[in-house]
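Asks: For reference, the chains in residue letters:
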Amino acid sequence: MRHLLSIADLSKSEALQILNTAEELARVSDGPMKKLPTLRGRTIVNLFAEDSTRTRISFEAAAKRLSADVINFSAKGSSLSKGESLKDTAQTLQAMGADAVIIRHSASGAAQRLADSQWMTGSVVNAGDGTHEHPSQALLDAFTIRKHLAHGGDDLTGLHIAIVGDVLHSRVARSNVLLLTKLGAQVTLVAPPTLLPVGVESWPVKVSYDFDSVIESVDAVMMLRIQLERMTELFFPNAREYSRYFGLNKDRLKLMKPSAIVMHPGPMNRGLEITADSADSARSVILEQVTNGVSVRMAILYLLLAGSQEIGASE
Amino acid sequence: MRHLLSIADLSKSEALQILNTAEELARVSDGPMKKLPTLRGRTIVNLFAEDSTRTRISFEAAAKRLSADVINFSAKGSSLSKGESLKDTAQTLQAMGADAVIIRHSASGAAQRLADSQWMTGSVVNAGDGTHEHPSQALLDAFTIRKHLAHGGDDLTGLHIAIVGDVLHSRVARSNVLLLTKLGAQVTLVAPPTLLPVGVESWPVKVSYDFDSVIESVDAVMMLRIQLERMTELFFPNAREYSRYFGLNKDRLKLMKPSAIVMHPGPMNRGLEITADSADSARSVILEQVTNGVSVRMAILYLLLAGSQEIGASE
Amino acid sequence: MRHLLSIADLSKSEALQILNTAEELARVSDGPMKKLPTLRGRTIVNLFAEDSTRTRISFEAAAKRLSADVINFSAKGSSLSKGESLKDTAQTLQAMGADAVIIRHSASGAAQRLADSQWMTGSVVNAGDGTHEHPSQALLDAFTIRKHLAHGGDDLTGLHIAIVGDVLHSRVARSNVLLLTKLGAQVTLVAPPTLLPVGVESWPVKVSYDFDSVIESVDAVMMLRIQLERMTELFFPNAREYSRYFGLNKDRLKLMKPSAIVMHPGPMNRGLEITADSADSARSVILEQVTNGVSVRMAILYLLLAGSQEIGASE
Chain A
0 MRHLLSIADL SKSEALQILN TAEELARVSD GPMKKLPTLR GRTIVNLFAE DSTRTRISFE
60 AAAKRLSADV INFSAKGSSL SKGESLKDTA QTLQAMGADA VIIRHSASGA AQRLADSQWM
120 TGSVVNAGDG THEHPSQALL DAFTIRKHLA HGGDDLTGLH IAIVGDVLHS RVARSNVLLL
180 TKLGAQVTLV APPTLLPVGV ESWPVKVSYD FDSVIESVDA VMMLRIQLER MTELFFPNAR
240 EYSRYFGLNK DRLKLMKPSA IVMHPGPMNR GLEITADSAD SARSVILEQV TNGVSVRMAI
300 LYLLLAGSQE IGASE
Chain B
0 MRHLLSIADL SKSEALQILN TAEELARVSD GPMKKLPTLR GRTIVNLFAE DSTRTRISFE
60 AAAKRLSADV INFSAKGSSL SKGESLKDTA QTLQAMGADA VIIRHSASGA AQRLADSQWM
120 TGSVVNAGDG THEHPSQALL DAFTIRKHLA HGGDDLTGLH IAIVGDVLHS RVARSNVLLL
180 TKLGAQVTLV APPTLLPVGV ESWPVKVSYD FDSVIESVDA VMMLRIQLER MTELFFPNAR
240 EYSRYFGLNK DRLKLMKPSA IVMHPGPMNR GLEITADSAD SARSVILEQV TNGVSVRMAI
300 LYLLLAGSQE IGASE
Chain C
0 MRHLLSIADL SKSEALQILN TAEELARVSD GPMKKLPTLR GRTIVNLFAE DSTRTRISFE
60 AAAKRLSADV INFSAKGSSL SKGESLKDTA QTLQAMGADA VIIRHSASGA AQRLADSQWM
120 TGSVVNAGDG THEHPSQALL DAFTIRKHLA HGGDDLTGLH IAIVGDVLHS RVARSNVLLL
180 TKLGAQVTLV APPTLLPVGV ESWPVKVSYD FDSVIESVDA VMMLRIQLER MTELFFPNAR
240 EYSRYFGLNK DRLKLMKPSA IVMHPGPMNR GLEITADSAD SARSVILEQV TNGVSVRMAI
300 LYLLLAGSQE IGASE
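Protein chains in written order, with numbering that gives the first Met the number 0: chain A, 0 to 314; chain B, 0 to 314; chain C, 0 to 314.
These are calculated hints, taken from the structure and not from any lab test.
The structure presented is a predicted model; accordingly, all values stated were derived computationally and were not measured.
You may find that some hints are simply not true.
All copies of an identical chain are treated as equivalent in the list; a pair is satisfied when it fits inside any one copy or across any two copies.
[What the hints assert, rightly or not] In silico DSS-like cross-links for lysine-lysine, where the CA-CA straight-line distance does not exceed 27 Å:
(1) Lys-253 <-> Lys-146
(2) Lys-11 <-> Lys-253
(3) Lys-34 <-> Lys-146
(4) Lys-86 <-> Lys-249
(5) Lys-11 <-> Lys-33
(6) Lys-86 <-> Lys-33
(7) Lys-11 <-> Lys-146
(8) Lys-249 <-> Lys-34
Put together the whole structure using the sequences plus the hints.
Replies: Next comes the structure, spelled out in structure tokens:
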């Protein structure tokens, strides 16, 4: 692997390699002395042209735990905001010695455009591009599902996962559909028709408008964040109606299989797409997703930048 | 100690332990090779929901001098500003592997709420919450006073300290009153009645509206910053009147005892609560307060995160 | 050297020492293990009161490659923006243990004022002050020119360099004129009369309003960035006119000597002062300038903070 741009580009074996490496890194870097020397002397730039403290910090923590130097580049007040092209910005960062550029951008395809550039010799990691993909999020979700539900199995064969909410605007949903089905799971999208993309019929998923009819059979429900600014009558009547039909609550929790888990990519709107008691229930693996996010991002950086080296080689 | 939330919660012996540890760390980490390996592999997050470059940088410098990794989280454009609860934000940071969260927040009690959370297993350090407390500032002030005035003594018994200005809105004043009196000092608050809190009669301090009658007898004057945005006739007529009655200037400096010192938590409004020549006079220990701030914060992080280890163990 | 404030203050031998040190550091820190332990335990503060992601990151990368700790201080929301004086801010940073302060400020002379302060014992590096100077940029430009064109020679004797564009508002032009001529080069400024400073007659340069008549004889053209906000009829009629008379394009590239190079300090306005094909042409050394910027800034920090130590001493 040279870049991580999308789940669409990732083979099943590459995806499994990332999950397995993350598992190993989580084991090796556990405990009070969590730092590995693997990427010492490497420079990783967080190029975030869109706010996302959560994802930025997760990548930053992952890079630092591998002893890399991290430089944060936020677009606010930068040459990007003064009209410099993304290509010039990225080339500049690489010319300064960046071994990898982690990019978050509001334009779908931004990471791909960077990687295609003839000048870019370092690695590009897509940390979310428009409504296109968010591959590291899907990988950490798959990692979390596998850890909890795929006892002994390498992939997610036989599991049924519901993705619930604003699929239309969600790069998380898009990457998850691609990855979970690639790993053998069955996926059902649950959303009002207004929040499903045109052409969803051709996706390798089932679609339902009725959460209650789906929830009994799933192994995991993945609740999507509702962007409050999209809460207009165009998409659905109001927050109360939305919660009633598509929110996760105590009543729905009771319908779930005993082993089924509750997931959310965060940040949550407690009381909107998920009630507080659901988020904090024993079924919830939401904070584990965050923890696994660091391990999975360590694995991504490790495989891109130090693929041939030994994991956990002593300092 | 697991958290540092307030001076109110701190016993006298814990406070002295912090001051003594700071003294030792200042000695050990002095010189060109200032870095100690004590917190290598630990991750410390600065969660600043309110601007405070000065306090943030002091904690960052302290953490880095102990070899910890530091991740800065500013609330601007973060999930916090998108409506995520403080609890979810903090839990997320901890799930990413934060060993300590240093929090600055406009709501009084914010640090306490975090620490009370059943999910929070790491350490919480209060770096200022609303008008409530700012414990690390009080500790660095006590450290500075002790160093200059308590020759040989462990605590501040026998010393008299005036805290002058906007006590009403000042968490620095609140924490200092608690700590200085706990350490045996006598404290006099000097302020116009409009800038004293309701119930100040029950505080273990004297109150005066007349700076000149107090200044001759004190060992230290601690000038508080005037928030310019509060400079309305509600609190005091105008800046010139304020300076005249409650500002520190050359004439008042002359009234002070030979050994008495001048303090200010910064940033100063030169010409308002303190004249430039007072701030730069030989009595001023204002920059020493800043230097001591790093040592005291190193001690806080050290005691919270590495309490049982040896100080200055070689790398 | 204790500070780096301006090219005007720098002797020719000091300038050459920086270039030679940068050359050596570039060699030593090349390859996958790019980090040198030289400045371990030192703290460097980026005090940027004006946006400049590019320069800030270059200094940050340079400092980290020498193992220094870097603390970023942006003026937004800081005590500086709350009215604290630059002097108090800088003294505070130094009191926190900063060994060097790298300052970018909109006021000409800001770095000098800091360095003149009786309180400032650490090093001050000017990273751009108003329309005055930007010494590290000129040094990296000279480094790049020497590497490409001064085969074997120590300085730039015999070379002819054109600086083209908005000289009036450009600290880059000012520092380059001083440094390039100090190193023996001949400099021609090419600009419309409205974009030349009053008194340019006394500068040690030639002046031309006709780019085409100059370009055939130069060894390097250094295109200056046009500040779009200055694009008013006061300075020149419109962008198309400007590009036609003072922009670099394919036709002009053809007029250049075979060995001549194209430079730009970045960020570029592609299509305005330079066409995309010129920026990406084989003559362009624009990305090399960026790479060299890190080496030159490493040399500056090295000479200021570790001058007497050995370069590349093993860890």
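Asks: Evaluate each hint against the coordinates.
Replies: A quick look at each hint next to the structure:
Taking identical chains as interchangeable, the C-alpha atoms of Lys-253 and Lys-146 lie at most 27 Å apart only when both belong to the same chain, with a minimum of 23 Å there against 62 Å between chains. Taking the shortest alpha-carbon separations for Lys-11 and Lys-253, neither the intra-copy value of 34 Å nor the inter-copy value of 51 Å comes in at or below 27 Å. Taking CA atoms no more than 27 Å apart as the test, Lys-34 paired with Lys-146 passes inside one copy only; the shortest distance there is 23 Å, against 37 Å between copies. When the C-alpha separation of Lys-86 and Lys-249 is checked against a cutoff of 27 Å, the pair qualifies only between copies, where the shortest distance is 21 Å, while the shortest distance within a copy is 48 Å.
Taking the shortest Cα distances, Lys-11 and Lys-33 never come within 27 Å of each other, neither inside one copy (29 Å) nor across copies (34 Å). With identical chains, the CA atoms of Lys-86 and Lys-33 are at most 27 Å apart between copies only, with a shortest distance of 25 Å across copies and 35 Å within one. Proximity of Lys-11 to Lys-146 under the C-alpha cut-off of 27 Å is restricted to the intra-copy arrangement: shortest distance 17 Å within a copy versus 47 Å between copies. In this assembly of identical chains, the alpha carbons of Lys-249 and Lys-34 never lie at most 27 Å apart, being 40 Å within a copy and 51 Å across copies at closest.
Against the hints set out earlier in the document, violations occur for numbers 2, 5 and 8.
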